[in-house]
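Colleague: The sequence shown begins at 2 in the working numbering and counts up by one.
Keep in mind the hints are simulated off the structure, nothing from the lab. Some clues are possibly wrong.
With a cut-off of at most 30 Å between alpha-carbon atoms, the simulated DSS-like pairs for lysine-lysine come out as follows [what the hints assert, rightly or not]:
| id | residue 1 | residue 2 |
| --- | --- | --- |
| 1 | Lys107 | Lys201 |
| 2 | Lys170 | Lys201 |
| 3 | Lys107 | Lys170 |
| 4 | Lys50 | Lys170 |
| 5 | Lys50 | Lys185 |
Simulated restraints on C-beta separations [as the list claims (entries may be wrong)]:
| id | residue 1 | residue 2 | range |
| --- | --- | --- | --- |
| 6 | Phe41 | Ser212 | 49 to 57 Å |
| 7 | Leu37 | Ala175 | 17 to 25 Å |
| 8 | Leu67 | Gly137 | 26 to 34 Å |
| 9 | Thr202 | Gly57 | 27 to 35 Å |
Where a beta carbon is used, it is the ideal one built from N, C-alpha and C, also for glycine.
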Amino acid sequence: MRLIRVATVWLVGALSIGAAAAHAQTAASSGSEPRLYVEFNGGPTLGHKSDAFVGGEIGFRLVAGLDVVVEGGHIGNAATEALDTAAAIIAASPDLGGTVSSTTKKVNYVDVGIRYHVQGIPVVHPYVLFGGGVAGVTTEATFAVNGTQVNAADRGVQLGGDLSGTTRKAFVVAGFGLNVPLLKRLFVDIGYRYGRISPKTDEVETDTGISTHRVLFGVGVHF
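Generate the whole structure from the sequences, applying the supplied hints.
Modeller: What follows is the structure in structure tokens.
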């Protein structure tokens, strides 16, 4: 997808700039490395429908170069092509006879994972991570007739779970990034997260999986 290719090029450029900025700083070494960090982050999300996310994470150093990480956040809209197709079928039905106004899949997620710090660059900290958890997905579809938004239920149309409601689903995430130190304990995080939300066909027969793409910018502090 063109948006993802453009974002990838842009992200690589941002990582390169971050590395150059960090090399310009004086590397300060301390007798004991901090074992805990807290980070707040956000950025654009890419996919069938682009939007934004906000989130945060807490990490604890297990051994040198390896952290256990807990993250959580909210994605504004991760709607899929399958949702748009299902909504269009309902909109065109004789009972409704209108158009689709909007489709959204709002995602609240939390996961636990491992972050591995790649060694080799002393003044910046490249990393890769993998984790798993749960995502609450709220699906919404709105419709209009002759340009006026209508309630499908008022026209005798009962929306199924593929077009409305909230479902908890399994969520896995993988990603990479670069931590750039600022001052003594602050750092900037520039990265990318790929997420996969599994379908839950035992609750919604026609449910499909959701892929999420987050371009991440964060600020954190070590303790």
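Colleague: Checking each numbered hint in turn, tell me which of them this model violates, lowest number first.
Modeller: When the structure is compared with the hints, numbers 5 and 6 turn out to be violated.
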